Amino acid sequence: MNARNSGAAKKRIGIVGVGNIGASILRGLLAAAEPGAAEEGARIFLSDVDKERLGFFSSSRVVVCESNAEVAEKSEVVILAVKPNDVRKVVEEISPFLSGGQKVLISVAAGVPTSAVEYWFAEAEAEVGVEAGVGVGVEAEVGVEAGVEGREGARVKVVRVMPNVGARVREAVSAVCRGKYATEEDEELAKWIFSAVG
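Residue numbers are given in the working numbering: position 112 of the sequence shown equals residue 1253, and the series is strictly consecutive.
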């Protein structure tokens, strides 16, 4: 995909979690930025539970946010780079800002299928606080039958990307899989973003 023609290079990108993979994605995006990008203003928004770590990434092209919700609110694309056990909690925090299908969520959380993320968005949307027995790594049993597709607001566009360790040196090979509501264009956007790390 040609990033200039599609407008992908102009997207506001949020990264929730700047551990190893999140930091690698950030460094790749900054290195791949077009000349003059700094003058156009910040297009990358970050949050992390470790506020001290965030200080290392502050620059004229990066905005350090106070919360995951702020990242989701300000971004057009949100990259979820948190530990698998934290995905559900983060989804609950950011769901009000990703409803309606206008934004794309890219998850790099290992072992968490797109169907699980979609289900958790539907749950958060419906404000169901009940443990539904959905766990990390659950593939086929994750609740499309439980009413995900019946909730219009829950139709969050999710793309799952699995980069390998080469991302640290911008030589990653990444597998990309789109969820039920993500489009081919969303998948191409994810590929363009991750081309910055390999």
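Derived from the structure by calculation, the hints contain no laboratory data. Misleading hints may appear alongside valid ones.
Derived pair list, reagent style PhoX-like, types lysine-lysine, alpha-carbon separation capped at 25 Å [as the list claims (entries may be wrong)]:
{"no.": "1", "residue 1": "K1321", "residue 2": "K1332"}
{"no.": "2", "residue 1": "K1224", "residue 2": "K1332"}
{"no.": "3", "residue 1": "K1215", "residue 2": "K1192"}
{"no.": "4", "residue 1": "K1151", "residue 2": "K1230"}
{"no.": "5", "residue 1": "K1151", "residue 2": "K1332"}
{"no.": "6", "residue 1": "K1321", "residue 2": "K1224"}
{"no.": "7", "residue 1": "K1192", "residue 2": "K1332"}
{"no.": "8", "residue 1": "K1215", "residue 2": "K1152"}
{"no.": "9", "residue 1": "K1321", "residue 2": "K1192"}
{"no.": "10", "residue 1": "K1321", "residue 2": "K1230"}
{"no.": "11", "residue 1": "K1215", "residue 2": "K1230"}
Using C-beta positions, here's what the derived DEER-type ranges look like [claimed, not checked]:
{"no.": "12", "residue 1": "P1225", "residue 2": "R1194", "range": "15 to 21 Å"}
{"no.": "13", "residue 1": "F1197", "residue 2": "K1151", "range": "30 to 36 Å"}
{"no.": "14", "residue 1": "A1173", "residue 2": "E1326", "range": "27 to 33 Å"}
{"no.": "15", "residue 1": "F1197", "residue 2": "E1326", "range": "16 to 22 Å"}
{"no.": "16", "residue 1": "Q1243", "residue 2": "V1317", "range": "35 to 41 Å"}
{"no.": "17", "residue 1": "Q1243", "residue 2": "E1193", "range": "31 to 37 Å"}
{"no.": "18", "residue 1": "G1242", "residue 2": "S1201", "range": "15 to 21 Å"}
Fair warning: this is a prediction, and the values are worked out from it, not measured in the lab. Glycine included, every Cβ here is placed at the ideal spot set by N, Cα and C.
So, going through the hints one by one against the coordinates:
no.	hint	verdict
1	K1321 / K1332	holds (17 Å)
2	K1224 / K1332	holds (21 Å)
3	K1215 / K1192	holds (19 Å)
4	K1151 / K1230	violated (29 Å)
5	K1151 / K1332	holds (15 Å)
6	K1321 / K1224	holds (23 Å)
7	K1192 / K1332	violated (29 Å)
8	K1215 / K1152	holds (11 Å)
9	K1321 / K1192	violated (34 Å)
10	K1321 / K1230	holds (21 Å)
11	K1215 / K1230	holds (19 Å)
12	P1225 / R1194: 15 to 21 Å	holds (19 Å)
13	F1197 / K1151: 30 to 36 Å	violated (26 Å)
14	A1173 / E1326: 27 to 33 Å	violated (20 Å)
15	F1197 / E1326: 16 to 22 Å	violated (33 Å)
16	Q1243 / V1317: 35 to 41 Å	violated (21 Å)
17	Q1243 / E1193: 31 to 37 Å	holds (33 Å)
18	G1242 / S1201: 15 to 21 Å	violated (32 Å)
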